[in-house]
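Last residue of the sequence shown: 1375 (our numbering), numbering continuous.
For the record, the hints were derived by calculation from the structure and aren't laboratory data.
Beta carbons are placed, not taken as given, at the ideal position from N, Cα and C, and that holds for glycine.
A hint or two may mislead.
As the list claims (entries may be wrong) - With a straight-line cut-off of 27 Å between C-alpha atoms, the simulated BS3-like cross-links for lysine-lysine are:
1. Lys1143 / Lys1236
2. Lys1204 / Lys1248
3. Lys1248 / Lys1262
4. Lys1277 / Lys1331
5. Lys1298 / Lys1338
Unchecked claim - Using C-beta positions, here's what the derived DEER-type ranges look like:
6. Ser1275 / Asp1196: 45 to 51 Å
7. Glu1340 / Glu1170: 25 to 31 Å
8. Asn1367 / Ser1272: 31 to 37 Å
9. Leu1205 / Gly1368: 43 to 49 Å
10. Asp1123 / Glu1170: 16 to 22 Å
11. Asn1117 / Phe1347: 48 to 54 Å
12. Asn1371 / Lys1285: 36 to 42 Å
13. Pro1166 / Asp1123: 21 to 27 Å
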Amino acid sequence: MKYPNLEKLVDIIAVLRSENGCVWDREQTHKSLRPNMLEEAYEAVDAIDEGDIPNLREELGDVLLQVVLHSQIAKDNGEFDIEDVARELSEKLIHRHPHVFGSEKVNSADDVIKNWDKLKKEEKSYRKSILDGISKSQSALMSAQKISKKVVKVGFEWDSVESLKECIKSEYKEFYEAVLLGDNDKMEDEMGDIFFATVNLARWYKIDSEQALLRANRKFTARFKKMEELKTKPFEEYSYEEFNELWKRAKLEINGENNEKRN
1113 MKYPNLEKLV DIIAVLRSEN GCVWDREQTH KSLRPNMLEE AYEAVDAIDE
1163 GDIPNLREEL GDVLLQVVLH SQIAKDNGEF DIEDVARELS EKLIHRHPHV
1213 FGSEKVNSAD DVIKNWDKLK KEEKSYRKSI LDGISKSQSA LMSAQKISKK
1263 VVKVGFEWDS VESLKECIKS EYKEFYEAVL LGDNDKMEDE MGDIFFATVN
1313 LARWYKIDSE QALLRANRKF TARFKKMEEL KTKPFEEYSY EEFNELWKRA
1363 KLEINGENNE KRN
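Please model the entire structure based on the sequences and the hints provided.
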């Protein structure tokens, strides 16, 4: 037995789902566990972003728990089991890596990606549109990025970055026209166009939009927490000018702390 702990985990989940097991585990369904799957995946990503390897090991275990639990639920329903999941994944990996498991020749990572996309398209021949298969559950930002990358692969692209920038400017103009009209529905529509065009600008410069926004979120959070440390009175008593000065001071202090860490 090459992976005894993995087999032990599968057996444990089977016991928990059995008649004499845990009442909570027995009551779970694919749908009831949906939030858990998302939460555990995000926590694993947090550990990756923080470079916390011990925590990553634990969080990957929680992700694996979801995989095994869903597989056991499917087995109980007579649908499939963990062995089916592993077999299908193994077959897919072998098929999509002909340069490793076959005679295909590649010269770069780009060649690997092109082959992967080609083979995936062959496997998913039932899909009618190149946009079919994009997850409806991922964030809107990630979806926009995925949509953008897919259509560009077939040549649907701005002719230059300047024309893309002009597109973004026009979207802002249309947004403010909707503001003047007081049309909230139109404002939301145009703001969505601004976001989508900006995602394309990020893609043009090979920037991951999701990671860029996460980075901005972390940066803002750190600076605001520093403002909370530095404030001398309740925030409600601060004027705009005082907030601005406090923000600048927080930014300087954080930059100084980061420079000290690097040195």
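For each hint, the structure was consulted:
no.	hint	verdict
1	Lys1143 / Lys1236	25 Å, holds
2	Lys1204 / Lys1248	23 Å, holds
3	Lys1248 / Lys1262	15 Å, holds
4	Lys1277 / Lys1331	26 Å, holds
5	Lys1298 / Lys1338	38 Å, violated
6	Ser1275 / Asp1196: 45 to 51 Å	49 Å, holds
7	Glu1340 / Glu1170: 25 to 31 Å	30 Å, holds
8	Asn1367 / Ser1272: 31 to 37 Å	35 Å, holds
9	Leu1205 / Gly1368: 43 to 49 Å	48 Å, holds
10	Asp1123 / Glu1170: 16 to 22 Å	21 Å, holds
11	Asn1117 / Phe1347: 48 to 54 Å	50 Å, holds
12	Asn1371 / Lys1285: 36 to 42 Å	41 Å, holds
13	Pro1166 / Asp1123: 21 to 27 Å	26 Å, holds
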